[in-house]
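Number of protein chains: 2
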Amino acid sequence: MTHKNLAENIIEAVRNVIGPGPVSLHAPSFEGNELSYLKECLDSTFVSSVGKFVDQFELDLAEYTGAKYAISVVNGTAALQIALMLAGVQAGDEVLVPALTFVATANAVTYCGAIPHFVDSKTSTLGIDAQKLREYLVSFTTQKSDQCYNKISGQVIRALVPMHTFGHPSDLDELIAISHEFNIALVEDAAESLGSFYRGKHTGTFGLLGTLSFNGNKTITTGGGGAILTDNLELAQRAKHLTTTAKLKHPWEYRHDEIGFNYRMPNINAALGCAQLEQLPQKLQQKRELFQKYKMAFSKVQGVTLFSEPINSKSNYWLQTLLLDENQVDYRDSILSETNKSGLMTRPAWVLLNDLVPFKKFPCGDLKTAQSLSRRIINIPSSPSLLRSAE
Amino acid sequence: MTHKNLAENIIEAVRNVIGPGPVSLHAPSFEGNELSYLKECLDSTFVSSVGKFVDQFELDLAEYTGAKYAISVVNGTAALQIALMLAGVQAGDEVLVPALTFVATANAVTYCGAIPHFVDSKTSTLGIDAQKLREYLVSFTTQKSDQCYNKISGQVIRALVPMHTFGHPSDLDELIAISHEFNIALVEDAAESLGSFYRGKHTGTFGLLGTLSFNGNKTITTGGGGAILTDNLELAQRAKHLTTTAKLKHPWEYRHDEIGFNYRMPNINAALGCAQLEQLPQKLQQKRELFQKYKMAFSKVQGVTLFSEPINSKSNYWLQTLLLDENQVDYRDSILSETNKSGLMTRPAWVLLNDLVPFKKFPCGDLKTAQSLSRRIINIPSSPSLLRSAE
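Chains as they are written, first to last, in the numbering used here: chain A, 1 to 391; chain B, 1 to 391.
Worth double-checking, as some hints may not be accurate.
[Unchecked claim] No more than 25 angstroms apart at the CA atoms, straight line, and that leaves these computed lysine-lysine pairs for BS3-like:
1) A/Lys-249 with A/Lys-4
2) B/Lys-249 with A/Lys-247
3) A/Lys-341 with B/Lys-68
4) B/Lys-68 with B/Lys-52
5) A/Lys-249 with B/Lys-360
[Claimed, not checked] A few chain A residues facing chain B, derived, Cβ under 7 angstroms:
6) Ser-44
7) Val-138
8) Phe-140
9) Asn-215
10) Leu-248
11) Lys-249
12) Pro-251
13) Leu-336
[Said to hold, decoys possible] Simulated coverage check for chain B against chain A, where a stretch passes if three residues somewhere in it have a Cβ under 8 angstroms from a Cβ of chain A:
14) 120-133
15) 199-211
Since the hints were derived computationally from the structure, they do not count as laboratory data. The beta-carbon is built from N, C-alpha and C at its ideal position, and this holds for glycine as well.
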């Protein structure tokens, strides 16, 4: 620590990189064909459930991620709900999710009538600690008819949902191994990691299904939107069917063969997505450059570390992340307060989900590292356009 | 009947009104500030969860409908799910819905873990037959602690959901009386009836809550969208809270106090809604004129009647509706086939919900009229712009 306090040092380091003025945490930017595609929607009158941009966006997403199929939906939460249903999650099942994630991960589990079961994270990835999870599963589960049962609750552990925190890939090799070994379906919550790769393969394409989000605060946005990724044709077709009210194809008849959902992405939102996806490589480049500049700027700041992409990973650096040293955590709230007061929007990690009133009753393992991380994380301004405006 | 068959007579009557060329059932049109408002979203970078158009659209909707509060959401199905939850619908409860409605009405009930209980419609409104419902309730329910119990299933009948079919108001006086008398909450599914009034008051504002849809096929569209209407401040606040992940207000903390939903309407969709709502009066006028022209054209066609707005009602005439005479119902499919082949998009009523595989197991009363209507209804092209293009 210099003679200044940690909050002042952090503000100085960030300002050195991005210059003066009020800055949001992550603002979208529209520098391509957005208006032209929106105009095309209006001119064609196709703004809603049918339209060429929905099809195009799905093809573009599949091509970019390398998934065989991409199904666009109304948001990332809806994507995860449907992906879990398609992975076989039923009422009463347990689903393993990190305690350190946005609330949507666990909400989607409850929409299936299932039970979120919270597990710990590790410091090097900010995602699920696979080694600790393995030990946990060995101790409290048993296999019956190729299904994994929680010995305490008696429920089936049906799915495992790693979330790639702030865009940083979780330990996918280990999590896939656990999924196979314990007969638990792997469904990736890649809401934050469009543009993030693990061993050269896009996040969200390792599990049976993966899900993306295009909320306004994400690397690219459709206003609100999400997508389901899968390599399985049958699951892809079922995903499209379930998200479009399960209506059977017919020139005029309205017949639905199961209880479906109105979760399609409107054409006008997909139009925005097509234009945004064209600019993704450049946005990712800008975000990596921003990380490099922050790295330089924070190299001299004691008491805090800028989080770098994990081993074997190329991250989208969605939200740039500071980790406070353990002995600085008492300053977290004053740092958040000072930075926000100075016009730099910052935020802490989410309150751990098992600490929220609606989730207190659900099972959880030891969460020591997640508890530590939730006190140590501070996200700092991360928009891809920040560097350019500072130049 | 003339020497021509009924299909040919229908095609001739429609063509006399709207002229030649292929015509969809209901196409949106964008003739106002749509592009300008969309551009404003892009320029401001506010396309997503926050933005001035969301607030404006909610104020405009409240003002137009006369509801004290309007809460915009991602679609009409989501609106109804949340409205039912706010009306107290819980897992295991029964909810009275017409069998003759779009599948979303019953889907929303099941999302609450509740049971749709199908009731009959009447020919003069195409909505719930209130008199028949009263007799039904008298015979199979009982009151305990001011709650209405189904004597057969033992479940609470928690809500009654009239749907204003094709924009025609149901018998609201009678349905309100039943709601009070039997202690069943009234939640109106006004998805099809924006711009429809009963005794001078807007549909969707009679129940504890009401819901709207702005899907692409509706009178005005936001791409995909819906809204919840209510006069109750507490319910309005709860609706906003529940549809925005139940996050507590805080400058940086992410804390949620119940299991909420990601159901907010993005700003870019609300921008479209604001522009569309400005044009609603003119669209309604055009739709009434279209009805008048169809009325003249069909006055000479035997075997079929053009449906007129019910007594005490001013309807938006969302979908223009033919009712085949009972002795003509065998021709329905050939009429649908011939009209669609000739480039006039037409459609029948929905398959009755109790006849769909996923709903077969649920309770239903006698549905004689709904069964008859489902065989007799044919919707014909209804876009507000049709008249103008024929001129």
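Hint-by-hint comparison with the structure:
Of the supplied pair hints, the one linking A/Lys-249 and A/Lys-4 is violated, its CA atoms being roughly 67 angstroms apart against a limit of 25 angstroms. A threshold of 25 angstroms between alpha carbons decides the hint, and for B/Lys-249 with A/Lys-247 the separation of about 39 angstroms lies outside it, so the pair is violated. About 36 angstroms separates the Cα atoms of A/Lys-341 and B/Lys-68, which puts this hinted pair outside 25 angstroms; it is violated. Distance check on the hinted pair: B/Lys-68 and B/Lys-52 sit about 19 angstroms apart at the alpha-carbon level, within 25 angstroms; holds.
As the CA atoms of A/Lys-249 and B/Lys-360 are separated by approximately 20 angstroms, the hinted pair is consistent with the 25 angstroms bound. For the restraint placing A/Ser-44 at the interface with chain B, the shortest Cβ-Cβ distance is roughly 10 angstroms, beyond the 7 angstroms limit, so the hint is violated. With its C-beta approaching chain B no nearer than about 31 angstroms, A/Val-138 sits outside the 7 angstroms limit, and its interface hint is violated. Taking 7 angstroms as the C-beta cut-off, the interface hint given for A/Phe-140 is violated, the closest approach to chain B being about 25 angstroms.
Satisfaction of the interface hint for A/Asn-215 is found here, the shortest Cβ-Cβ separation to chain B being roughly 6 angstroms, below the 7 angstroms cut-off. Hint status for A/Leu-248 relative to chain B: violated, with the closest Cβ pair at about 10 angstroms, above 7 angstroms. Interface restraint check: A/Lys-249 against chain B, minimum CB-CB distance 14 angstroms, threshold 7 angstroms, status violated. Interface restraint check for A/Pro-251: the shortest CB-CB distance to chain B comes to about 6 angstroms, inside 7 angstroms, so the restraint holds.
Restraint check, A/Leu-336 versus chain B: the minimum CB separation of about 5 angstroms is within 7 angstroms; hint holds. Residue count for the stretch 120-133 of chain B with a Cβ under 8 angstroms from a Cβ of chain A: 0. That is fewer than the three needed, and the coverage hint is violated. Figure legend: the stretch 199-211 of chain B, annotated as covered by chain A; annotation inconsistent (0 residues with Cβ-Cβ distances under 8 angstroms, at least 3 required).
Hints 1, 2, 3, 6, 7, 8, 10, 11, 14, 15, counting from the list given before, are not met by this structure.
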